[in-house]
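The listed protein sequences correspond, in order, to chains B and F.
Under the numbering used here, the first sequence has 159 at position 159, and the numbering climbs by one with no breaks.
Going from the second sequence to the numbering used here is simple: count from 1 and add 466.
No lab work stands behind these hints: they were computed from the structure.
A few of these clues could be false.
[Said to hold, decoys possible] Which residues of chain B face chain F? A few of them, derived with a C-beta cut under 10 Å, are: (1) W101; (2) K109; (3) L112; (4) L113; (5) A124; (6) L125; (7) P138; (8) A147; (9) L148; (10) Y206; (11) P208; (12) A304; (13) A307.
[As the list claims (entries may be wrong)] A few chain B positions that, by computed beta-carbon distances, are all more than 12 Å from chain F: (14) G54; (15) L87; (16) G142; (17) K179; (18) P340; (19) P354; (20) R385; (21) G411; (22) K453; (23) R454.
From a predicted model like this one, the values you see are computed outputs, not experimental measurements.
Here a beta-carbon is modelled for each residue, glycine too, at the ideal position from N, C-alpha and C.
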Amino acid sequence: MFDYRRKALETLARLGPRYLPFADAASDEVPLSRLLRLSLFQVSVGMALVLLVGTLNCVMIVELKVPATLVAGMLALPLLFAPFRALIGFRSDTHRSALGWRRVPFIWKGTLLQWGGFAIMPMALLALSGLGYAAEAPRWLGLSSAALAFLLVGAGVHTVQTVGLALATDLVPDEDQPKVVGLMYVMLLLGMIVSALAFGALLETYSPGRLIQVIQGAAVVTLILNGAALWKQEPRDRGRAAATGPRPEFADAWRAFAARPGAIGLLVIIGLGTAGFGMADVLLEPYGGEALGLSVAQTTKLTAVLAAGGLVGFTMASRWLGRGTSAIGMAAFGAALGVPAFAGIIVSSFAAAPALFVAATLLAGFAGGLFGHGTLTAAMRAAPREQVGLALGAWGAVQATAAGLAVALGGVIRDAVAGLGGAVGPATPYLPVFGLEIVLLALALLAVQPLKKRETRHHGKDVYVR
Amino acid sequence: MSDNEDKVWPTGLTLREAEEVHSYLIDGTRVFGLIALLAHILVAYTTPWLG
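Only chain B is shown next, with the shape it has when bound in the complex (with noise of 0.2 Å):
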């Protein structure tokens, strides 16, 4: 009997790393296939954002008949999170973790705020139109609830994104930063153009019960995924678990990394640039069909040709980034390049020419592909070690806040214009947009200036050494 038990023990023992999520140690090189399995929360992001921008977007006004502007609140709840990313960040950095963990347990939380907020989403949803059997549900529940869902999800994007690129960050050695924000981008765009494909193949007979099983659906995808993701990479740091003490505040830590020379220029041209590249993102496809008369099957090709310029823009800056390109100075290039590529857009409705029109978006892909990895590889570098989650939640908040209101400020400004009336041609009320969006580039080229000026003074190497 005696033996039987210490047989199992012993088998128990020895099976037991196999199935427990640590990472073995840590080694100096990290293979690629573990730096894409981690990516995968990545998709996750990208699917979160395609269903709540894109896919739920269109089903809530269309086939649920809630007012538009109800549905644009509900669609900038997770906004409200944004700015909590570098306390996020901070957070992660300084956990205190008898299992020498710093990073899986926020991304394992923010994962759960992420599928529960799913899970309960396509119910709320249709408590909130109040239509059929929901008809009798009260107002507030639905309200209430559906707010609810949308703060979750906000909340796990959030966590997920920052933490995880933390840990991209704390696992690769520095000189290799760049093949990873490469990767994370790519793999962040893919999963969108996969995840809406997959959505609007699986939503195009609506009913209740298919828009319960796709949100549901994806509930579950992102606890495979970012199960997935997280499994076995972070190693455990004795260190750190057995760290006394008492624990950093998160104001003297910004006030740190806000005393660096450089990280809040960073910030403003990550802002600038961001709502400069973003403010568009939802209006080319309407200015193609309305300014320049391209069928709704063209237009939406149109995405796929900002999609594959942002694609070969990442690809593309990965390379120069490696070879010891600077990060700032390639932001700044992408940020030059947009300028032309959005005068472009411009010109093509007075020419009436779609190619130009279709030229300049994928330019426009381009340069924001790599405004984005400079920028991200410039964040990543801008901190010591053990302060990148800090480094990598400021990215994220001005990032994500400067997105958001890019867009809902492009949509307002086309709709304002829209309305004054006497509009010369259906481009008119674009065209200011697409103006302010060179303005922005424009101003971000300028914050430049100062970060290219110290950086040369440092014989041409990053700003941020560490």
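On the provided structure of chain B, position chain F as indicated by the hints.
Below, chain F without anything else, positioned relative to chain B:
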């Protein structure tokens, strides 16, 4: 490593480590339970379930 008095057989975790793993399990169960409860209430309102 094996001379650590805190190690609990058969997992080889110390008490603090075991308690942390346990806390993840408990937190996960609580979140799961709350989400499931809310989802059931919403389903009861929005579908023919329960008449």
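Given P138(B) as an interface hint, is its Cβ closer than 10 Å to any Cβ of chain F? This hint holds: P138(B) lies near chain F, its Cβ roughly 8 Å from the closest one there, short of 10 Å.
Just to be careful: measuring from the Cβ of P208(B) to every Cβ in chain F, is the smallest value less than 10 Å? With a minimum Cβ separation of about 8 Å from chain F (threshold 10 Å), the hint on P208(B) holds.
Residue hint L112(B), partner chain F, criterion CB-CB below 10 Å: Status holds, d = 5 Å.
G411(B) clear of chain F by more than 12 Å, beta carbon to beta carbon? holds (30 Å)
Measuring from the C-beta of L113(B) to each C-beta in chain F, is the shortest one below 10 Å? holds (8 Å)
Holds or violated: is the Cβ of G54(B) farther than 12 Å from all Cβ atoms of chain F? holds (23 Å)
Using the nearest Cβ pair, does A124(B) come within less than 10 Å of chain F? holds (6 Å)
A closest beta-carbon separation below 10 Å is what the hint needs, so does Y206(B) meet it against chain F? Nearest chain F Cβ about 16 Å off; hint violated.
Going by Cβ atoms, does K179(B) stay more than 12 Å from chain F at every point? With a cut-off of 12 Å, K179(B) remains clear of chain F, as the shortest Cβ separation is near 32 Å.
With a cut-off of 10 Å on the beta carbons, see whether A307(B) makes it to chain F. With a minimum Cβ separation of about 33 Å from chain F (threshold 10 Å), the hint on A307(B) is violated.
Evaluation of the interface hint that places W101(B) against chain F, nearest CB under 10 Å: It holds, given that the least Cβ distance between W101(B) and chain F is near 9 Å, below 10 Å.
Please confirm whether P354(B) is truly not at the interface, meaning its C-beta sits more than 12 Å away from all C-beta atoms of chain F. Holds, because the least Cβ-Cβ distance between P354(B) and chain F comes to about 45 Å, which exceeds 12 Å.
Hint compliance for this structure: hints 8, 10, 12, 13, 16 are broken, all remaining hints hold.
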